[in-house]
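Participant: Throw the hints in and build the complete structure from the sequences for me.
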Amino acid sequence: MSGLTNALQELRAERTRAQSQVEKLDRAIAVMESLNGSGTSSATRSSETSHKATQAVRVISAASRRKMALGQKARWAKAKNGAQPGTVEKKTAASPAKRTMSAASRKKIAAFQRARWAKLKAGKKAA
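The sequence shown begins at 1146 in our numbering and counts up by one.
Treat the hints with caution; some may be incorrect.
Capping the alpha-carbon separation at 27 Å, the derived lysine-lysine pairs in DSSO-like fashion look like this [unchecked claim]: (1) K1266 to K1253; (2) K1253 to K1243; (3) K1253 to K1264; (4) K1223 to K1212; (5) K1212 to K1225; (6) K1264 to K1252; (7) K1253 to K1270; (8) K1266 to K1252.
With beta-carbon atoms standing in for the labels, derived distance ranges [unchecked claim]: (9) K1223 to A1255: 29 to 39 Å; (10) A1208 to P1241: 52 to 62 Å; (11) V1176 to G1148: 38 to 48 Å.
Quick caveat, the hints were computed from the structure, so don't treat them as lab data. Source: prediction; values computed, not measured. Don't be surprised by glycine CBs; every beta carbon is placed ideally from N, CA and C.
Facilitator: Here you go:
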């Protein structure tokens, strides 16, 4: 048991050293970001992973978003066999009507199924 306790203490000490190393790295990153002008607040950085903290936030204007949306609509329209970009097509035709079966057809199918089941039951009785 004492070996297990010693191993646990060593692991905790290693975790503490690693945590202090990460804090030092975070401080160094913050200094570099402040020099670069792309610094993020420490509140947002603490909740994010270190990879996300170093990424700059990309701000896109409303006009650019509109252009991107129109471009994507054009690409989809081209993919749909050359439909006109910028116009939204609506289906005017309703879905096809549900097919109904005549009473005579239903009776034929029911009779066929009864004969089929009777044949199966007769096969089980004979076996």
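Participant: Would you mind marking each hint as holding or not holding in the structure?
Facilitator: Here is how each hint holds up against the structure:
1. K1266 to K1253: Holds, because 20 Å separates the two Cα atoms, which is no more than 27 Å.
2. K1253 to K1243: This hinted pair holds, its Cα atoms lying about 21 Å apart.
3. K1253 to K1264: Distance ~17 Å between K1253 and K1264 Cα, so the pair holds.
4. K1223 to K1212: Distance of about 16 Å is within 27 Å: holds.
5. K1212 to K1225: The given pair, whose Cα atoms are some 20 Å apart, holds under the 27 Å limit.
6. K1264 to K1252: 18 Å, holds
7. K1253 to K1270: Roughly 26 Å between the alpha carbons, so the hint for K1253 and K1270 holds.
8. K1266 to K1252: 21 Å, holds
9. K1223 to A1255: 29 to 39 Å: About 51 Å separates the Cβ atoms of K1223 and A1255, which means 29 to 39 Å is violated.
10. A1208 to P1241: 52 to 62 Å: 43 Å, violated
11. V1176 to G1148: 38 to 48 Å: 43 Å, holds
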